[in-house]
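K.L.:
Sequence:
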Amino acid sequence: MIDRREVIGFSQRVRLEWFEQTANLVFAGHDKAAINEALQELLKDKVSVGGNAKGCNRNKVISILRRVWVSPPDEIIPLRDDGLAFLSTQCSSLSPHQLSVALHWGLVMAVYPFWSSVATQTGRLLRLQGFAAAAQVQRRVREQYGERETVFRATRRVLRSYLDWGVLQKTGTKGVYAAGTTIAIDDFRLVAWLAEASLHARPNGAAPLRELIDSPSLFPFRIKPVQAEIIEAASTRLDIFRHGLDDDLVMLR
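Just so we're aligned: 190 in full-length UniProt numbering is position 190 of the sequence shown, and the numbers increase by one with no gaps anywhere.
Below, simulated DSS-like cross-link-like pairs (lysine-lysine); rule was C-alpha separation at most 25 Å, straight line:
#	residue 1	residue 2
1	44	32
2	60	32
3	60	46
4	32	46
5	44	60
6	46	170
Distance ranges between label pairs, derived from CB positions:
#	residue 1	residue 2	range
7	33	144	35 to 43 Å
8	172	224	27 to 35 Å
9	87	222	20 to 28 Å
10	84	180	22 to 30 Å
11	233	152	38 to 46 Å
12	144	222	25 to 33 Å
13	34	57	17 to 25 Å
14	127	246	19 to 27 Å
15	131	232	34 to 42 Å
16	253	176	35 to 43 Å
17	24	142	32 to 40 Å
Honestly, the hints are just simulated from the structure, not real lab data. Cβ coordinates follow ideal geometry from the N, Cα and C atoms, glycine included.
Assemble the whole structure, with the sequences as input and the hints as a guide.
P.N.:
Right, dumping it as structure tokens:
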């Protein structure tokens with residue numbers, strides 16, 4: 001079986017509103033055929049205009065959208081279901097748009113760890129020097145996934161998606177990006193949900209709590225530190241173990 005953490009998968013520029021539309025269709029109870037038809041209609045004048053070949057970019061985008069919200073891997077279905085539940089609630093400190101960014105970011109990184117890998121390199125550069133050059137991100141991602149043209153194209157399209165989502169913004173220098181608006185997350189339920197999503201993108205499904213909350217892969221967010229007991233109480237799918245003298249290890253159950 002191929003480990004999804006070792007493949008690219010996410011190889012298209014995908015706008016946030018397309019993910020929002022897909023999640024809303026799932027939340028409304030539409031079946032796979034109806035969702036596919038609705039997405040074809042939504043994207044017909046936006047991607048691969050005038051074409052409908054099986055391997056066209058529009059169908060690749062729809063495949064990504066469906067993989068995230070319609071038919072995620074079995075182990076991620078409970079996370080997806082909780083994400084859908086958030087759609088019917090409101091975090092008091094977040095606007096609907098901010099909540100949307102958090103939910104779609106989390107589920108995309110869980111289903112497509114490549115998204116998380118690009119985010120990790122981007123976030124590290126932003127912390128280190130205050131900006132992220134596409135060439136630097138490309139070099140670091142290719143060190144992990146190999147010197148392939150598919151890696152180059154996929155990384156470019158993921159970065160383009162970050163710009164579309166507003167988590168990165170252009171600077172006066174071509175190919176150099178600054179951080180977009182940072183979203184403060186202080187709802188412990190959403191913190192636990194994002195922690196679980198992040199663990200799904202990691203090979204061993206475990207990380208120290210402090211490292212998890214402060215991960216550069218979550219660079220669009222400023223996550224309020226929470227106690228391990230609160231994380232464990234908020235999710236039945238996470239286990240907490242004492243790690244060292246002053247930290248706790250969070251693991252997927």
